[in-house]
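Peer 1: Protein chains in written order, with this note's numbering: chain W, 1 to 445; chain D, 1 to 220.
Hints in this document: simulated from the structure, not taken from any laboratory. Backbone N, C-alpha and C fix where the C-beta goes; we use that ideal spot for every residue, glycine too. Hints may contain errors.
[Said to hold, decoys possible] Here are the simulated EDC-like cross-link-like pairs (lysine to aspartate or glutamate), alpha carbons at most 16 Å apart as the crow flies:
no., chain 1, residue 1, chain 2, residue 2
1, W, K4, D, E106
2, W, K13, W, D51
3, D, K215, D, E127
4, D, K136, W, D51
[Unchecked claim] Okay, the calculated bits of chain W under chain D, using three or more residues with CB under 8 Å as the criterion:
no., segment
5, 1-9
6, 142-154
7, 188-201
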Amino acid sequence: MEEKEWNMALFHKVQALVKRHGITAPDPNDRSKIVCKDNAMIDSAWQAGIDFLVEQGVYCYDTRRVIEFTEDEVKSTIRGIPETLVMGEGKDAVTAKNKHMDGDNDPVLICGGFHSPYREDIAHLAPKAFMMIPGVDYMQGFTLKVIDGREIHGTAMAAYAARKKVRYMREGARKAGRPGMAICHYPISLEAAPMIATLDPRNGLRPCDGAMMTPLPNIVVETGLITAAIVFNDYGLSFAQNGNGHGEQDSFAGSREGYIVTGIAKSIAGWLIYRSNITNMSPNIVHEVFNRHTNMIRVHGLRWPDIMRRGTQYNERYLLYFAQKAINCAFTGSAIEPSGGGRLEGTTPYEIEFMCECAEAARGLKVEDGIELISNIKKMADEECPAPVTRPGGMGHRVSRTGWDGSLPTLRDVYDLVKMEPSEAYKQEMDKARRLVKAAGLDIN
Amino acid sequence: MFFLIHMSNEVLDNLKNAVLNYDEEAAKKAAEEAVKANIDPMEAIRSLSGAISEVGESFHRQDIFLPHVVMAADAMQAAVAIIRQSMSSEDVKKSILGTIVLGTVEGDLHDIGKNIVMMMLVAAGLEVIDLGRDVKVDDFVRRANEVNADLIAISCLMTTTMPYQREVIEELKRLNLRDKFKVVIGGGPVTQGWAETIGADGYGVDAYEAVDVVKSLLAK
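For reference, chain W alone in the conformation it holds in the complex:
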């Protein structure tokens, strides 16, 4: 089957499933509908996601074949998602699990950052600075465009760069005094060889580590990552994270209701094919579906208009975005992944520290209280530090607009990685942000 045929078949199947299961998508601007309280709707959506996989399957783009599953296969595989998983080793190990959505008081699982491009000259400094933050449980890697002064190009160079990047991460963990901290490999290339090349108990990925393994938005997988997944499974890699990057409109779901079905199917497919047991999820009801039906560890929290967009300047509004993100994850039982969104050397350890503090303070909050708190922060931010320029919206990935090439400020402008401290000006921005977060109702000291 050609991929275009798959895409359109996906669209028609999804629309049929929406009709069959009577799925409705709430108005995203209705705050009372941020969380779906209708269990029958949640169960219908779940079944629609399973039906998709059983009736349509998953497409493999390079073999142009459809991978088919029976309902028993899908359901028994979902039951195999572990209730807990141990990331890292020794004193630095953490036990990760799916937290419940409402008022769960367990600690928030926190990834310390990266998932963005870095330049080589600070690749040896950055991991340590982030990994020393006490609240950080594990770290995602970064990408490099240049290694040893040479542009990374081709499979062999990508394999070398991937190995060296993970080595920087392992070394950073050692320097931070947390050698057992888990690392999630962020791919430099999606080919099998550079992925597999990272496996190395001494300086690369250990069985207690993980990797980003993400099906494409149109529920498509490819042989390179399948091969890597098989090898990782054989090696005993502890976890994989499904990044699930996509937009609602530019997917082939065809409607907001359809996007619920593909959101569920894609997150299940990540586990079925790549063994991804940590998953970034959207839209909101997908969180509730997985919370109710699986042990999958969910990432990123809910979305609604009060969640501010990540800014591009290091100021109090930028910090408030991180506070919102932490609170959102804490009260929805989600793990925190402060991904850099493609921006070159964007996030600093200062935001991560702040986020860890906010997440701890918001732990155990009820959903309604969390929504209220986030709304308060948004109101205060709009009153006291409105966004000067709205980031361009629209379809598709806009990595270039987030400044991967250094066209935006980088952490070097506001944070000294050697002294491991922020600039005086940035400290003042933090003072303002902390004041607003406290005034909004979060108990941070």
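With the hints as your guide, set chain D onto chain W.
Peer 2: Frame of chain W; chain D shown alone:
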């Protein structure tokens, strides 16, 4: 006379509505009617282009989703294929603004942006040969030569696959074909600066801009 004009308008409306309703079969039927009624083929194609521009604008406003754009583009292409059968080869040539070979570079599997650009280019009346994703450097060059393309459009989403955009240009230079094809690049990490660095002729920050860039390059 009035009857003929009325009929002509009705057929043109049918063509337009078929695209706006994403209906390939209706588009084919309307195209056959247009041929039968001896409607000026260029006028028929203009009607289709107007319709698909409306579809593109709806997508840009986020009123509709990607599958609708695909279906509208399919309907338009099916109708155009029928209408062109009634045209002389000279007129067919005139009706095509240009031929573009487009794809996502080797090692890169991300093609949503490329697909959107493709549909916008089709909507703009360009002939687009979509090579898909994970396209080797040689294949860009070979296919452009085969179809005598005017322009090569190269997409990528990963910083580590960007160098392949440069390689296509280098390969064209090596084969003394650089002047034969305009080269436009795009994709998530791509910037105007990168386009200038590697010697591309143009860069579009999004699908809309890509179409403008392509049109202006082809007009030169």
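Peer 1: Next step is simple, just say for each hint if it's right about the structure.
Peer 2: Taking the hints in turn, this is what the structure says about them:
1. W:K4 with D:E106: With Cα atoms ~19 Å apart, K4 (chain W) and E106 (chain D) exceed 16 Å; violated.
2. W:K13 with W:D51: Holds, because 10 Å separates the two Cα atoms, which is no more than 16 Å.
3. D:K215 with D:E127: holds (12 Å)
4. D:K136 with W:D51: Roughly 37 Å between the alpha carbons, so the hint for K136 (chain D) and D51 (chain W) is violated.
5. 1-9: Contact hint for the segment 1-9 of chain W vs chain D: holds, 4 residues under 8 Å.
6. 142-154: holds (count 5)
7. 188-201: holds (count 4)
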